[in-house]
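Protein chains in written order, with our numbering: chain D, 5 to 574; chain L, 5 to 574.
Hints are supplied without guarantee of correctness; some may be wrong.
Identical chains blur together in the list; that is why a pair holds if it fits in one copy or across any two.
Claimed, not checked - With a straight-line cut-off of 20 angstroms between C-alpha atoms, the simulated EDC-like cross-links for lysine to aspartate or glutamate are: (1) Lys-236 <-> Glu-532; (2) Lys-236 <-> Glu-498; (3) Lys-227 <-> Asp-536; (4) Lys-59 <-> Asp-47; (5) Lys-236 <-> Glu-535; (6) Lys-236 <-> Asp-536; (7) Lys-507 <-> Glu-463; (8) Lys-59 <-> Asp-11; (9) Lys-289 <-> Asp-536.
These aren't lab readings, by the way, just hints derived from the structure by calculation. No experiment lies behind these values; they were computed from the predicted model shown.
Protein chains: 2
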Amino acid sequence: MVFQDSDAAKWLEAVGYALAIFPDPELEKTADEVIDIIQKAQDKDGYLNTFFTIKDQDKRWTNLWEAHELYCAGHMLEAACAYYESTGKKTLLDIMTKNVEHMYSVFMDESSPKYNGIPGHPEVELALMKLYTLTGMKESLELAKHFVDKRGIQPSYFEYEQTQRNWWVWGMGPVDTLYHQGNVLLREANEAVGHAVRAVYLYTGMAEVAAQTNDKELKEACKRLWDNITKKRMYITGGIGSTNNGEAFTVDYDLPNDTCYCETCASCGLLFFGSRMLEMEVDRKYSDIMEKAFYNTVLAGMQKDGKKFFYVNPLEVIPGIGGTAVTHRHIKPQRPSWYACACCPPNISRLVSSFAKYAYGENKNTVFCHLYASGTIKFDNGIILKCSTEYPYGFTIEYNIESASENNYLAVRIPSWSKDWNITKNDVKIGTNKFKFENGYIYFPIVKGDKIVIELSSEPYIVYPSPKIPDLSGQIAVCRGPIVYCAEGVDNKEEITGLFISKNTGLYKVQELEDGIVTIVVPGVRQENTEDLYLAQEPNFIEEKILMRPYYSWGNRGLTQMKIWFPLNK
Amino acid sequence: MVFQDSDAAKWLEAVGYALAIFPDPELEKTADEVIDIIQKAQDKDGYLNTFFTIKDQDKRWTNLWEAHELYCAGHMLEAACAYYESTGKKTLLDIMTKNVEHMYSVFMDESSPKYNGIPGHPEVELALMKLYTLTGMKESLELAKHFVDKRGIQPSYFEYEQTQRNWWVWGMGPVDTLYHQGNVLLREANEAVGHAVRAVYLYTGMAEVAAQTNDKELKEACKRLWDNITKKRMYITGGIGSTNNGEAFTVDYDLPNDTCYCETCASCGLLFFGSRMLEMEVDRKYSDIMEKAFYNTVLAGMQKDGKKFFYVNPLEVIPGIGGTAVTHRHIKPQRPSWYACACCPPNISRLVSSFAKYAYGENKNTVFCHLYASGTIKFDNGIILKCSTEYPYGFTIEYNIESASENNYLAVRIPSWSKDWNITKNDVKIGTNKFKFENGYIYFPIVKGDKIVIELSSEPYIVYPSPKIPDLSGQIAVCRGPIVYCAEGVDNKEEITGLFISKNTGLYKVQELEDGIVTIVVPGVRQENTEDLYLAQEPNFIEEKILMRPYYSWGNRGLTQMKIWFPLNK
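Please take these sequences and the hints and turn them into a complete structure.
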């Protein structure tokens with residue numbers, strides 16, 4: 005596959021993050037050896053891509069539309085930054101700096117037609133911004149900004165490119181400008197379109213360019229895109245991409261549960277995008293969604309033992325239909341071991357191993373706790389804090405301030421799903437209006453030795469969909485904390501399509517299973533089966549206790565039904 | 005288009021039926037002129053197909069897979085039978101008898117590879133059976149039976165055929181045996197598969213072969229196929245075909261409302277199939293469905309003024325999604341004026357103009373009233389009856405026996421949707437157990453002068469879907485008589501996706517509009533819109549009176565939302 009250099013790159017990036025948390029000389033040695041091989045593969049001019057170097061050097065940069073050269077470069081660049089950050093070793097960073105210089109020479113030369121070239125699969129934009137942030141390399145920023153600005157110019161560069169070559173990777177047809185977000189200049193974009201992974205990778209780079217160049221127009225476009233995704237085109241699981249046709253966004257409020265795409269990578273990308281938006285404005289409208297995408301779609305992408313993976317994360321699978329009907333063949337009812345296109349598994353690795361990067365932020369005098377996770381964090385601004393929590397199953401989060409200076413603040417997100425919450429500071433209960441509460445974050449003045457404890461709501465709650473989503477008409481979902489719950493056939497007599505659930509959450513019973521998974525028993529009814537397809541009289545309904553479990557844990561016990569949304573039994 | 009001879013054929017067939025009801029010398033003259041042209045187009049050996057005769061005579065019968073020659077012959081054969089029956093004119097019948105002799109020589113020659121050939125688009129089977137019934141021509145029966153018996157033999161004839169030619173109509177790929185019902189020998193078939201129109205046309209011919217040859221094994225297969233369709237793969241509207249991918253059946257219980265196909269022609273074909281099953285066994289399980297398909301999908305296929313047509317008959321259209329999303333482009337939110345493939349409009353014409361053929365049946369001493377329609381009918385067995393009714397909006401059906409002999413019976417269907425019914429014979433109310441009531445039909449002994457009046461239930465009723473249909477989870481539909489009701493945006497504030505309906509039919513208000521359409525006002529609630537896609541607290545519900553109208557009348561007032569199934573507001 006033309007994009008397989010990226011698999012090695014994402015593995016290296018994950019290794020970089022992992023080594024920062026758990027030093028492992030054996031692993032580091034392997035990574036160093038891989039980097040040595042990469043060094044040998046680099047051409048003298050800085051070009052680096054094994055597919056073209058081995059197969060056909062003359063075809064370099066002649067098929068930006070399909071060939072993923074910039075995509076692979078982007079992933080290797082991210083690996084270089086991560087590996088340098090954790091190990092201090094510069095080899096890969098030097099390789100990639102040289103590679104960026106090469107790309108700069110190819111794409112920033114105004115006299116070349118390639119000056120109008122853009123990545124067919126966006127990714128390098130966000131990676132170039134990482135290099136800029138790490139090293140201050142101006143060419144890297146310029147190139148990222150250039151790719152962002154060039155996208156959407158009509159006619160598409162890809163149409164020109166097609167006329168200049170006689171080879172194809174997949175023989176794709178006429179250029180669909182929506183597919184690669186080339187339908188409109190990005191700073192004028194209002195709607196998230198096309199291939200969902202490409203979209204959110206692109207918007208991540210775009211947001212970082214906006215942040216670092218203080219480009220208000222671009223920032224506003226990013227905000228419109230974020231709102232369009234999260235208020236009109238996203239699943240309750242933080243999944244995005246409503247169709248397998250182009251693995252893409254479709255239109256507002258088109259959110260089918262059983263034929264969606266919801267690629268694991270796309271939800272990783274949504275997290276990346278959200279984290280860049282948080283740099284520009286601290287608002288839980290970003291971090292709430294990041295949390296939703298992480299604990300639901302991203303984690304569902306991997307089997308419990310870490311050995312099998314979902315690419316597509318459906319919200320409903322009924323074996324016999326899901327995976328079988330011609331419209332549902334992309335829906336796998338069970339996690340396959342691997343994929344020819346193995347983009348998702350290493351995306352989970354690198355995201356899980358760099359969770360802290362998304363959980364925290366900082367500025368000169370404040371640290372921001374966007375997501376909750378135990379650990380001790382040393383910030384560049386000098387603040388050191390220790391966080392202790394059993395989140396997402398425990399709802400108490402304790403922060404111990406181990407180092408802080410004058411005028412330092414701790415800003416903690418209160419998630420919008422938490423109906424109420426309690427705060428204690430140094431064991432004294434505090435009214436919620438005592439401190440600044442802005443855009444969902446509470447700002448605590450801190451000094452060394454402070455202990456701040458947040459207690460969030462631990463009760464299961466019901467989520468109602470917008471009445472504008474046709475596919476969810478009359479349905480409700482059960483959640484607890486950030487976790488979306490589902491029912492599986494194996495727990496519910498293999499007949500979950502006839503279940504209705506009660507909205508009386510007071511009767512819901514939260515229980516912990518042996519394997520640490522918290523389930524919820526929900527009262528409801530089951531419509532009795534009959535032979536007829538349509539009944540002109542009221543069928544029988546039987547009372548049932550419905551066992552629901554976290555969506556991320558579904559599909560770990562063989563072929564079975566699964567469903568998140570259920571009709572309401574009042 | 006390769007199949008356009010069939011458009012002329014279906015028009016001629018409809019003219020034949022129309023002339024039997026309303027004599028019209030002008031129309032008959034036009035039809036005679038068309039038949040003269042057809043006569044001139046026939047080759048000396050009996051071959052008749054303008055596409056190949058004009059374009060390339062050498063390619064005759066070399067692409068049964070795509071070229072529709074047998075399909076066109078079948079439709080012309082049906083026209084010949086209809087035109088002869090109503091006018092007594094034999095020209096077209098002679099042309100087609102010669103054509104059948106030609107086809108017999110091509111396909112019944114055991115020494116030819118074409119002996120294994122079958123129609124890519126079934127239709128000629130049922131037409132050959134019509135000719136046999138009308139004229140007793142044995143070759144016609146033999147050829148029909150041959151085509152039925154040959155289907156499903158592996159490897160497919162079409163694979164062989166592909167190796168023998170170097171031309172294509174559409175360049176279709178590898179033969180998908182499901183698409184043309186070639187996956188299994190028909191007498192072993194358990195599931196209705198593939199292109200829905202092809203399927204029901206084929207099953208119609210198959211049932212007629214089974215009936216006329218008294219082939220019990222084939223009859224059992226027909227019954228299994230009927231049950232599979234009507235108990236697992238059919239919409240409440242009598243629509244069939246769950247996907248536009250192959251315009252096809254998919255799998256059991258996969259019945260999406262908004263991405264279905266539900267071609268008008270397929271529901272016409274379901275009626276044809278049902279009527280042939282009724283010849284073998286009188287049971288309302290056939291006629292109830294025929295009625296459902298006719299009053300809902302078939303009639304919805306045509307605009308109120310008869311000038312525009314639906315090909316695809318969705319059960320839900322939300323403009324912005326329906327017709328727009330890549331998965332919904334085959335769904336037209338409004339009836340187009342015409343289609344490049346104009347199979348559906350003349351199918352409605354020929355079905356409506358031959359309604360009596362489906363409404364009635366007879367044997368030696370009994371007439372069967374399967375469907376209700378005013379008119380006087382003279383049966384071959386000598387019985388003459390007059391039926392008076394305003395059905396489907398009036399629920400009183402009066403039969404006056406104008407002629408009958410000893411031991412004559414009138415068998416009238418009582419539809420399964422009618423909760424109760426009243427019978428009077430010669431103005432005396434009669435208990436329902438007074439006469440034989442078998443498979444949904446009441447058998448009245450009759451003599452000349454008898455007056456039998458049936459009163460069916462006129463109350464609106466709620467239909468519950470099988471709990472096995474995932475897409476209808478928690479939804480209900482409103483019906484009255486055979487008519488399925490829908491709500492349109494134009495009557496309901498253009499926000500019908502947030503509506504819930506009450507199941508208390510006692511509060512439903514039936515009202516007649518000026519244009520003769522009976523609407524129902526249904527109490528319900530509307531979920532208020534909010535900006536969020538998912539709400540962690542209960543939204544507001546506002547009481548509403550929901551105006552519902554017959555599904556067949558939808559889409560006559562510009563672009564608007566439409567939906568049949570609604571969640572229940574208890």
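- Using 20 angstroms as the alpha-carbon threshold, which applies to Lys-59 and Asp-47: within, between, both, or neither? within (14 angstroms within a copy, 59 angstroms between copies)
- Query: For Lys-59 vs Asp-11, is the C-alpha pair at or below 20 angstroms within one copy, between two copies, both, or neither?
  - Reply: within (18 angstroms within a copy, 55 angstroms between copies)
- Item | Within, between, both or neither: Lys-236, Glu-532 at alpha-carbon 20 angstroms | So Lys-236 and Glu-532 pass the 20 angstroms test across copies only (16 angstroms; inside, 35 angstroms).
- Task: Indicate which option fits the pair Lys-507, Glu-463 if close means a Cα-Cα distance not exceeding 20 angstroms: within, between, both or neither.
- Result: Classified as within; 13 angstroms inside a copy, 32 angstroms across copies.
- Task: Give the relationship of Lys-236 and Glu-535 under a CA distance limit of 20 angstroms: within one copy only, between copies only, both, or neither.
- Result: Cα proximity of Lys-236 and Glu-535: across copies only (9 angstroms, versus 38 angstroms in one copy).
- Task: Classify it for me, Lys-236 with Glu-498: is the Cα-Cα distance of at most 20 angstroms met within a copy, between copies, both or neither?
- Result: between (32 angstroms within a copy, 18 angstroms between copies)
- Quick one: Lys-236 to Asp-536, C-alpha cut-off 20 angstroms, is that within a copy, between copies, both, or neither? Between copies only: 8 angstroms across, 37 angstroms inside.
- Since the copies are identical, ignore which copy is meant and state whether Lys-289 and Asp-536 lie within 20 angstroms (CA to CA) inside a copy, between copies, both or neither. between (46 angstroms within a copy, 11 angstroms between copies)
- Query: How do Lys-227 and Asp-536 come out at 20 angstroms by Cα distance, when the copy is not named: within, between, both, or neither?
  - Reply: between (50 angstroms within a copy, 15 angstroms between copies)
Checked against the numbered hints above, the structure breaks none of them.
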